[in-house]
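Visitor: Knowing the structure of chain A, use the given hints to seat chain B on it.
Spelled out from the first residue to the last, the chains are:
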Amino acid sequence: MTSRVAIIGTGITEFGELWDESFRSLITKAGTEAINDSRLEGDEIEALYVGSMSPGLFSGQEHVSSLVADHAGLKGVPATRVEAACSSGALALREAYLSIKSGEMDYVIAGGVEKMTDIPSNSATVALMGAGDQEWEAFKGATFPGLYALMATRHMYEYGTTLEQISQVSVKSHENAALNPKAQFRFKVSLEDVMNSTPVADPLRLLHCSPITDGAAAVVLASEEKAREICDNPIWINASSCSTDTIALHDREYVSRTDAATRAAGKAYRRAGIKPQDVDFAEVHDCFSIAEIMAIESLGFCKLGEGGRFTEEGETSLSGSIPINTSGGLKGKGHPVGATGIAQAVEAVAQLRGEAGKRQVEKAKIGLTHNVGGSGGTCVIHILSGDLK
Amino acid sequence: MAGIVGYGVYLPRYRLKAGEIARVWGMDGDRVSKSLLIDEKTVPSLDEDTATISVEAARNAVEHAQIDAKDIGAIYVGSESHPYVVKPTATIVAAAIDAVEDLTAADYEFACKAGTAAIQTCMGLVDSQMIKYGLAIGADTSQGRPGDALEYTASAGGAAYIIGRRDTIAEILDTYSYTTDTPDFWRREGMDFPSHGARFTGRPAYFKHVISAAKGVMERNDKKPRDFDYVVFHQPNGKFPLNAAKTLGFSKEQLETGLLISNIGNTYSGATPLGLAAILDEAVEGDLILAVSYGSGAGSDAFIIEVTERIGDKRNQKTVAEYVNRKEYIDYSLYVKYKGKIKGVALQK
Numbered sequence: 002m003t004s005r006v007a008i009i010g011t012g013i014t015e016f017g018e019l020w021d022e023s024f025r026s027l028i029t030k031a032g033t034e035a036i037n038d039s040r041l042e043g044d045e046i047e048a049l050y051v052g053s054m055s056p057g058l059f060s061g062q063e064h065v066s067s068l069v070a071d072h073a074g075l076k077g078v079p080a081t082r083v084e085a086a087c088s089s090g091a092l093a094l095r096e097a098y099l100s101i102k103s104g105e106m107d108y109v110i111a112g113g114v115e116k117m118t119d120i121p122s123n124s125a126t127v128a129l130m131g132a133g134d135q136e137w138e139a140f141k142g143a144t145f146p147g148l149y150a151l152m153a154t155r156h157m158y159e160y161g162t163t164l165e166q167i168s169q170v171s172v173k174s175h176e177n178a179a180l181n182p183k184a185q186f187r188f189k190v191s192l193e194d195v196m197n198s199t200p201v202a203d204p205l206r207l208l209h210c211s212p213i214t215d216g217a218a219a220v221v222l223a224s225e226e227k228a229r230e231i232c233d234n235p236i237w238i239n240a241s242s243c244s245t246d247t248i249a250l251h252d253r254e255y256v257s258r259t260d261a262a263t264r265a266a267g268k269a270y271r272r273a274g275i276k277p278q279d280v281d282f283a284e285v286h287d288c289f290s291i292a293e294i295m296a297i298e299s300l301g302f303c304k305l306g307e308g309g310r311f312t313e314e315g316e317t318s319l320s321g322s323i324p325i326n327t328s329g330g331l332k333g334k335g336h337p338v339g340a341t342g343i344a345q346a347v348e349a350v351a352q353l354r355g356e357a358g359k360r361q362v363e364k365a366k367i368g369l370t371h372n373v374g375g376s377g378g379t380c381v382i383h384i385l386s387g388d389l390k
Numbered sequence: 011m012a013g014i015v016g017y018g019v020y021l022p023r024y025r026l027k028a029g030e031i032a033r034v035w036g037m038d039g040d041r042v043s044k045s046l047l048i049d050e051k052t053v054p055s056l057d058e059d060t061a062t063i064s065v066e067a068a069r070n071a072v073e074h075a076q077i078d079a080k081d082i083g084a085i086y087v088g089s090e091s092h093p094y095v096v097k098p099t100a101t102i103v104a105a106a107i108d109a110v111e112d113l114t115a116a117d118y119e120f121a122c123k124a125g126t127a128a129i130q131t132c133m134g135l136v137d138s139q140m141i142k143y144g145l146a147i148g149a150d151t152s153q154g155r156p157g158d159a160l161e162y163t164a165s166a167g168g169a170a171y172i173i174g175r176r177d178t179i180a181e182i183l184d185t186y187s188y189t190t191d192t193p194d195f196w197r198r199e200g201m202d203f204p205s206h207g208a209r210f211t212g213r214p215a216y217f218k219h220v221i222s223a224a225k226g227v228m229e230r231n232d233k234k235p236r237d238f239d240y241v242v243f244h245q246p247n248g249k250f251p252l253n254a255a256k257t258l259g260f261s262k263e264q265l266e267t268g269l270l271i272s273n274i275g276n277t278y279s280g281a282t283p284l285g286l287a288a289i290l291d292e293a294v295e296g297d298l299i300l301a302v303s304y305g306s307g308a309g310s311d312a313f314i315i316e317v318t319e320r321i322g323d324k325r326n327q328k329t330v331a332e333y334v335n336r337k338e339y340i341d342y343s344l345y346v347k348y349k350g351k352i353k354g355v356a357l358q359k
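Here the protein sequences line up with chains A and B, keeping their order.
Using the numbering used here, you'd call the opening residue of the first sequence number 2 and step up by one each time.
Using the numbering used here, you'd call the opening residue of the second sequence number 11 and step up by one each time.
The following block holds chain A by itself, in its conformation from the complex (with noise of 0.2 Å):
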């Protein structure tokens, strides 16, 4: 058994409304960067996984694990593809990972992907409440903007989090967004037009809603040896982790909670021998401002409850403590569903690498991710580090 496994290459297409690509075209362009980072051979492959919430939805294709690896030219390698809604990006990679781990491979690629914009708003709205319990929530009528509503009133009750705390995360998102030529919403916002933007579900507006997007993302993971043979500058995965919850949000003890996240993190923190604070910089998943709160409280780097203040205050901007989201995150990069763990990874190997150009965190040498599935029913983490001297 390898003892740890390294990304040795990444790969990331723009993300937005990509009209001239299509599912495939996006995945083969991430992938094809990620093996060229790596400087591998495609044949030296010897496993693919692909994260894909719903391609079946967004573009009727199914099998995706076969015609990534087809049209990706590495016809004949083993595919996999995996899905856990929101999260099946980061799913992927802990399969990738494990696969290393087991000592059956040696080099192994993740990809995720998806193509969001072929189908109209509403129909995506409806394929991604599939991420949601369909006999509970969704037939009742509960959208994701209403789940994560509900959230956003209860911790508003519970811990007197404001609006315009909630509001600063996105205008954060953006200014990092602004920063990330890869993102989909490359400007700023102010807490004007966040609060005065258009209302969703109360009390959540536009502004705090992550978009619909087309992208994909890829990395390549290599054994320990190899890495250190081919790799000048590997960057270890120290931790994966993964935890779930009640699919459905009415069936959590609390709501303004996310104890999938609290467990993963937990796992993840004592794998890696590190405790919050030695984290430099985070990729959490914000699909709605307020779960970027929810987020860092579950992962330690602020109290429980005290998300929003530790937001308002700068804390959690690139020139503060814990810098989070610094790709702009789900509201400002965008959010192809299946695309986004892995996408996360790529934005942290490049901080570790020093190579994130004007949003580069200083002194950044232990990065974490942390990708969600639905309301909270799945998290998987990810703790990373270059060399640790």
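Wrong hints could be hidden among the right ones.
[Said to hold, decoys possible] List of simulated lysine-lysine pairs, DSSO-like, C-alpha gap at most 30 Å: (1) Lys-189(A) x Lys-249(B); (2) Lys-189(A) x Lys-218(B); (3) Lys-218(B) x Lys-30(A); (4) Lys-324(B) x Lys-80(B); (5) Lys-97(B) x Lys-80(B).
Hint data in this document are derived by calculation from the structure and do not stem from the laboratory.
Guide: Structure of chain B alone, referenced to chain A:
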């Protein structure tokens, strides 16, 4: 060289406020108005359709051109709301203005640009000397599905142009079209309302075609945006033409005369011809105009038009502004009645 000998317009009298539509559907009217840059739209009465609007506009055009209708050798009516699926609107117009029987006629459909396609056909027939005058009409009573975003803008109106070689008030110096097969908006046989690809109607549809056609005609005539006194683009809402103008480098001043959307809505096939008419109402000798239509499906026709000295003696007395200001407000319930959206009503059309 073919040019415009005369033109005429028509807009129905009834107006419906965007805020009134928003009220019915539980939307924020101010927000809708601000986002689409629409205040109100025209609504045709029960006895108005594309044929009656075309006839009104054609009569005004013949009167303005000061020609004998018998000299019209071709009539083309562009619309996506012809009253008959089979049976031409153009023959109704021909009979009404007494242009029968020595002429050719046909109906055109190309979403919102069928009217400018009709102008191009007339230019060809005139320049090849097959006919003396051609009558090109763009008119619609467009359909907006109740509750859909298009309901705020889908309106009614039209404009008619007499195209000829002599006694023109404006010369058409060049026309260039940009066409692809792009399914951004459509209505199939037997469907009451059109379907659309939401945000897909923007960048890959409207903007790609409008901007390509505008650039194409300017490049081959060695013109820059600053060379033009006026510009008019198809106007499905207020934002699209503003953004197209900004992208191409036209000023708000060049655009505003032909920008009618906020007061009348989107008259579909009538939109670019009406905007051009509003410009001709006030243009003077030597003024250079760029007109670019857009039809979903998709394509754009671009025209470079230069106003001649005759316009001073031949001002159109039935101006666009007069029709825009001639209005009577109705509420949503009368609107659904006039648009025939109430089903199963006795003694109704």
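Visitor: Decide, hint by hint, whether the structure agrees.
Guide: How the hints compare with the structure:
no., hint, result
1, Lys-189(A) x Lys-249(B), "holds, 21 Å"
2, Lys-189(A) x Lys-218(B), "holds, 26 Å"
3, Lys-218(B) x Lys-30(A), "holds, 24 Å"
4, Lys-324(B) x Lys-80(B), "holds, 21 Å"
5, Lys-97(B) x Lys-80(B), "holds, 22 Å"
Consistency note: the structure conflicts with none of the earlier hints.
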